[in-house]
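If you're matching them up, the sequences are chains H, A and G in order. So for the first sequence, my numbering puts the first residue at 2; every next one is plus one. So for the second sequence, my numbering puts the first residue at 983; every next one is plus one. So for the third sequence, my numbering puts the first residue at 18; every next one is plus one.
FYI, nobody ran anything at the bench for these hints, they're computed from the structure. Treat each hint with caution, since some may be false.
As the list claims (entries may be wrong) - Derived DSSO-like pairs: lysine-lysine, alpha-carbon spacing no greater than 27 Å straight-line:
id: 1; chain 1: G; residue 1: K165; chain 2: H; residue 2: K167
id: 2; chain 1: G; residue 1: K86; chain 2: H; residue 2: K143
id: 3; chain 1: G; residue 1: K33; chain 2: G; residue 2: K86
id: 4; chain 1: H; residue 1: K167; chain 2: G; residue 2: K395
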Amino acid sequence: MTLPFIMFFVCAALAVIGALTLILAREPIHSALALVLVMVSLAVLYLLLGAEFIAAVQIIVYAGAIMVLFVFVIMLLNAGVEERTDYSKLAKFAGLPLGIFLSLALAYWMLESFIGKQIANGLGGTNASVSTRELSAQLFQKYLFPFEATSILILIAILGALVLAKKDE
Amino acid sequence: MSIVPISYYLVLSAVLFGLGIVAFVVKRNIITIFMAIELMLNAVNLAFVAFARAHNQLDGLVFVFFVIVVAAAESAVGLAIIITVYQNRQTLNLERINLLKF
Amino acid sequence: MDFITQHPVLVVSLAKIVGLMFVLMTTLAYLSWFERKVIAHIQSRWGPYYVGAHGLLQPLADGVKFLFKEDLTPPGADRFVYILAPMLALTLAMTTLALIPFGPPSVQWLGESTLIVADSSIGLMFVFAITSIGVYGVALAGWSSNSKYPLLGGLRSSAQMISYEVALTLAVVGVVLLSGTLNFNEMIQSQSGYYLHFVPRWNVVPQIVGFLCYFMSAVAETNRAPFDLPEGETELVGGFHTEYSSFKFAMFFMAEYANMITVSCLATILFFGGWLSPFPESWTFMRYLPPVGLLALAVYLAYDTVVLARGIARIQLIVVTAGALVIGLACLHPVVLAIIQGPFWFLLKVGLIMFFYVWTRATLPRLRYDQLMSFGWKFLLPVALANLVITALVKVWPMLVNHG
Chain H
2 MTLPFIMFFV
12 CAALAVIGAL
22 TLILAREPIH
32 SALALVLVMV
42 SLAVLYLLLG
52 AEFIAAVQII
62 VYAGAIMVLF
72 VFVIMLLNAG
82 VEERTDYSKL
92 AKFAGLPLGI
102 FLSLALAYWM
112 LESFIGKQIA
122 NGLGGTNASV
132 STRELSAQLF
142 QKYLFPFEAT
152 SILILIAILG
162 ALVLAKKDE
Chain A
983 MSIVPISYYL
993 VLSAVLFGLG
1003 IVAFVVKRNI
1013 ITIFMAIELM
1023 LNAVNLAFVA
1033 FARAHNQLDG
1043 LVFVFFVIVV
1053 AAAESAVGLA
1063 IIITVYQNRQ
1073 TLNLERINLL
1083 KF
Chain G
18 MDFITQHPVL
28 VVSLAKIVGL
38 MFVLMTTLAY
48 LSWFERKVIA
58 HIQSRWGPYY
68 VGAHGLLQPL
78 ADGVKFLFKE
88 DLTPPGADRF
98 VYILAPMLAL
108 TLAMTTLALI
118 PFGPPSVQWL
128 GESTLIVADS
138 SIGLMFVFAI
148 TSIGVYGVAL
158 AGWSSNSKYP
168 LLGGLRSSAQ
178 MISYEVALTL
188 AVVGVVLLSG
198 TLNFNEMIQS
208 QSGYYLHFVP
218 RWNVVPQIVG
228 FLCYFMSAVA
238 ETNRAPFDLP
248 EGETELVGGF
258 HTEYSSFKFA
268 MFFMAEYANM
278 ITVSCLATIL
288 FFGGWLSPFP
298 ESWTFMRYLP
308 PVGLLALAVY
318 LAYDTVVLAR
328 GIARIQLIVV
338 TAGALVIGLA
348 CLHPVVLAII
358 QGPFWFLLKV
368 GLIMFFYVWT
378 RATLPRLRYD
388 QLMSFGWKFL
398 LPVALANLVI
408 TALVKVWPML
418 VNHG
């Protein structure tokens, strides 16, 4: 066992535990915390894959902004323990098995597909991490138009949130 | 120093995506369901980063960047909607918000 | 054993982490002494005086008191989250310091840079990443206490911290544009040089607006006066940590100080040239400032010992004086003198910013909550944005002129 492998298995285990806790917890806050755990361990995996900048962005935006917003809303609405209503029998009995089946099928398909076969057992590139300079060059040259489009998207989202949150006079 | 094979990451990504779908179907609280969507987005991001590494190209990372930005915008609007729904219906249980259900 | 020999970096890192922890813990304890002393003198009082000479043993007494207090958990509290919150707050606040360079990378031991624990190529991003998770400590503490004042305090402070984080980040981006890097050491090196041969070329000169925005939002980000609404005791009892007692309360306290240190370190690195000396190379006598300062301190303490102190305080003062004397003399050795330069200037600058922090607290009254929010969103954010746009224009201007 070498260091990257240990890191990978620890983080993968934490991510899966977090995802399971998200499903099993009945308090919304616990679910949110579990999701934060998933996001942080994924950030470590990004570091392992050499994507430093993405790892930092993942923590800043996902764990530091989006999930804080979730926790904030849960606190604001004082959302208590989730009630278990059973209107949908299908979801209750078929949900879990189907989900497990789906994830296994997905994993199988990803590994056995045309692309998957090429890289499945490859080690993938070098060990060096991606420099932020290269990434930003890509972002501001090749993908400049999508970048500008997302900025407009964010502006619209801010306006939308404001309109929704505004009190009626 | 050896490197972890890309396939490990892909399997993890698939498992997380599946768990996200299960959470989406099983949970009854709108906020938690929303979180399940975020979990699925995260799983997809992991696959993007893994593929970017496998092909040694940066496009995958740029895509992750966009996914994160869109997720941020989406959660801002989504949570505002949730607050409005709660103010009107006094519940977060999805099955009690069924006025339009036939 | 094989594992360790394969990864020598683990051993060096561990040694550095232990060293940093030791220094940090002591500093955190003595910051409370520093703050109380400074505020007391601003208000014409003595401050801590009786426990040891000049109240120097007060932090120790406080620590013992915290340890022996009863550890209460309010009924109906969410136990797991209730315990998790202070741990999260303190751990995250202390982790950021791993990324701070306390001296130049040329100071090395076993081939590793000694004065920084983790020299990341995007250090600034990671500091922001860790501080952005710091909100959880406050928010969760407020929620898990199962009490209405903490809940209100937690809601307030998480809203405040999210809001001011935006202005904080935007204020810093100007500096990133100027230096063209996210690595702390490169940022500091980009600030070397002098205007008119003696005014240091620090970022605070072109980025004075950015620095003011940064400092104001940093004070709000660390929940300090005049932005300390989360714990506004006149309206919220004690804010998010009302229900916490004993060592858990102490952990929040230490987290607050650790955050202050981080923010001051960041200000030093970004705007005040980090470990660079403010004086030109040609002023060689300035290299002797650290030992001379320490020896002057020793002389003052010796005077104190002989004239003022009585009993146990006198013994304690003798020990401190001897310490200052020995370290001061050791600093005269050329090797030590070379090593001490970077950390000395860095810590001096950080200390001055910390003093400014305390000074603000002693001077300014608390804002009202709506004033706080409108100040952040309607004043600080636009100013930081304008500063960013102007910086970018100035940076790009030569290119535009040459092309057009």
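Hint check against the structure, violated hint numbers in rising order:
Going through the list in order, the structure violates hints 2 and 3 and respects the others.
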